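Engineer: Listed here are the chains, written in short residue letters.
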Amino acid sequence: MSFIKALRCKECGADYPIEPRTVCDHDFGPVEVAYDYEAMRGKVTRDSIAAGPRSLWRYKDLLPINGEPRAGLRSGYTPLIPAKKLAAELGVKELYIKDDSVNYPTFSYKDRVVAVAITKAIEFGFDTVGCASTGNLAHSVAAHAAAAGLQAFVMIPHDLEEGKMVGMSVFGPRVVKIKGNYDDVNRLCSQIADKYKWAIVNVNLRPFYTEGAKTHGFEIAEQMGWQLPRHTVLPVAGGTILPKVWKAYQEFITLGLVKDNAPRMHAAQAAGCNPIVKALEEGTDLFRPQKPNTIAKSIAIGNPADGYYVLKVVRESGGSGASSTDPEILDAIKLLARTEGIFTEPAGGTTLACAIKLIQSGRIPRDESICVCITGNGLKTTEVMQGQFAATPAINAKMNEFDDLVRQITESANAKPAPVKA
Amino acid sequence: MTTTANSVTMRIPTALRPQVGNKESVSIAGASVRAVLANLTGQFPELGKRLYKGENELNRFINVYVNDEDIRFMENLDTPVKAGDEVSIVPAIAGG
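For the protein sequence lines, the chains are A and B, in the order given. Following my numbering, the numbering of the first sequence begins with 7 at its first residue and continues without gaps. Following my numbering, the numbering of the second sequence begins with 4 at its first residue and continues without gaps.
Because the hints were derived from the structure by calculation, they are not lab data. Fair warning: this is a prediction, and the values are worked out from it, not measured in the lab. Just so you know, not all the hints are guaranteed correct.
Here are some, though not all, of the chain A residues that point toward chain B, as calculated from beta-carbon distances under 7 Å [unchecked claim]:
1. Pro-23
2. Glu-25
3. Pro-26
4. Phe-34
Within a straight-line C-alpha distance of at most 25 Å, the following computed DSS-like cross-link-like pairs (lysine-lysine) qualify [said to hold, decoys possible]:
5. Lys-201(A) / Lys-26(B)
6. Lys-16(A) / Lys-56(B)
7. Lys-318(A) / Lys-56(B)
8. Lys-52(B) / Lys-203(A)
9. Lys-52(B) / Lys-16(A)
10. Lys-185(A) / Lys-203(A)
11. Lys-284(A) / Lys-26(B)
Where is the CB? At the ideal position from N, CA and C, for every residue including glycine.
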């Protein structure tokens with residue numbers, strides 16, 4: 007049974023049928039799936055969700071598909087880690103890491119949005135899918151398309167990390183490198199979607215694609231034992247996930263599945279690409295686009311399409327924003343690895359580095375629950391870590407050389423880097 | 004419509020084509036983005052309602068490019084244009 011009502015313009019409220027659609031015809035505003043929450047009452051319950059599969063499809067009733075899921079059957083339901091060691095190091099009481107670095111099958115949050123978009127592409131009868139991507143989305147679209155037997159075209163900036171290139175090419179999509187940054191790629195994709203009858207997941211399937219991002223928030227709430235963190239820190243690139251995690255929290259509140267604890271949403275950006283955080287700091291409604299310059303390439307989007315909604319949600323929720331420099335991003339990657347055994351990409355380093363700043367500045371009180379959302383995997387971007395570790399000498403396979411080495415290590419233990427105290 | 008010596012080519016996205024007689028592009032005269040858009044919406048008043056929010060402010064979901072560069076990196080609506088330039092209207096879209 008489906009609870010979907012229509013595609014509704016977030017600006018003027020105009021309704022459209024469930025169809026491939028990029029924006030509202032009247033004002034270009036984004037269209038969003040509207041649901042019948044009244045009809046869900048008593049049907050979508052904690053029990054009905056808990057009885058579902060261990061994937062994001064356990065929230066199927068709150069996702070815009072008609073039939074059964076057709077892609078990403080094992081995507082989502084990633085770990086929520088009570089990060090006790092990191093919490094102790096930062097001096098906070100209750101800290102969680104929502105870890106989409108191990109999402110299935112391509113190790114980023116994008117497997118959520120793509121699972122929904124590809125299911126929808128199949129429902130609409132498309133045979134070719136595509137995307138504009140900074141890497142992670144291309145991985146996910148290529149992998150899901152391969153598994154579903156669809157053709158894929160992935161459009162990317164020409165200067166992505168080597169690991170990102172391999173991670174998409176292996177699935178056999180047509181990779182189109184574009185001379186320019188992500189914003190150039192995105193603009194071209196918008197024009198491609200106008201001309202070719204393809205399912206460009208983040209253009210004409212955007213209203214369905216973005217709904218998949220809600221599942222990140224549903225899982226946080228369910229895995230915390232049906233409650234919401236008081237503070238959620240999320241990276242902001244195009245601006246999809248933060249407003250959608252907020253929407254997820256509000257849907258669970260509306261359905262009576264969690265208590266409304268006035269959750270606050272905090273935006274994290276790299277200092278080399280922070281149009282939203284700048285607008286938050288300056289108190290303006292309109293952000294100014296930027297030309298990105300940061301190692302956090304997966305979130306290097308200088309002209310975020312949903313930026314306006316990020317600003318709105320952060321302000322409405324009483325949240326805040328922070329940006330972090332490249333060295334701070336690298337330190338945070340190492341901190342998360344050293345304390346919790348999680349290796350994230352620079353986007354995740356950005357999110358943690360910004361969370362630390364918000365804790366230090368008192369914007370996030372140390373005695374309230376905090377969830378830091380990790381959206382990508384560090385093994386895809388190993389080149390950014392080059393030069394971060396001391397060289398390791400090779401020894402001969404002799405016990406005495408090993409003993410010498412252990413002695414050296416013990417002696418230099420005092421020289422260990424001082425822990426980062428928040 | 005005839006192409007005049009000082010015309011730019013205005014690229015129209017699908018969502019707005021019904022307002023310009025279903026054309027992909029139109030030739031429009033003007034020395035700045037503001038002037039070009041004024042001439043365009045003068046010819047196609049229905050389009051103006053969609054492009055502008057109030058008098059002087061573009062609808063925030065509309066991005067305008069001159070030869071592939073966002074006008075917000077130049078002089079916004081006052082960005083000068085010359086004959087042969089390509090001006091594109093592109094809706095903002097998500098991704099990453």
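Engineer: Are the hints correct? Go through all of them and say.
Structural biologist: To see whether the hints hold, each was checked on the structure:
no. : hint                    : verdict
1   : Pro-23                  : violated (16 Å)
2   : Glu-25                  : violated (13 Å)
3   : Pro-26                  : violated (11 Å)
4   : Phe-34                  : holds (4 Å)
5   : Lys-201(A) / Lys-26(B)  : holds (13 Å)
6   : Lys-16(A) / Lys-56(B)   : holds (15 Å)
7   : Lys-318(A) / Lys-56(B)  : holds (18 Å)
8   : Lys-52(B) / Lys-203(A)  : violated (28 Å)
9   : Lys-52(B) / Lys-16(A)   : holds (18 Å)
10  : Lys-185(A) / Lys-203(A) : holds (24 Å)
11  : Lys-284(A) / Lys-26(B)  : violated (39 Å)
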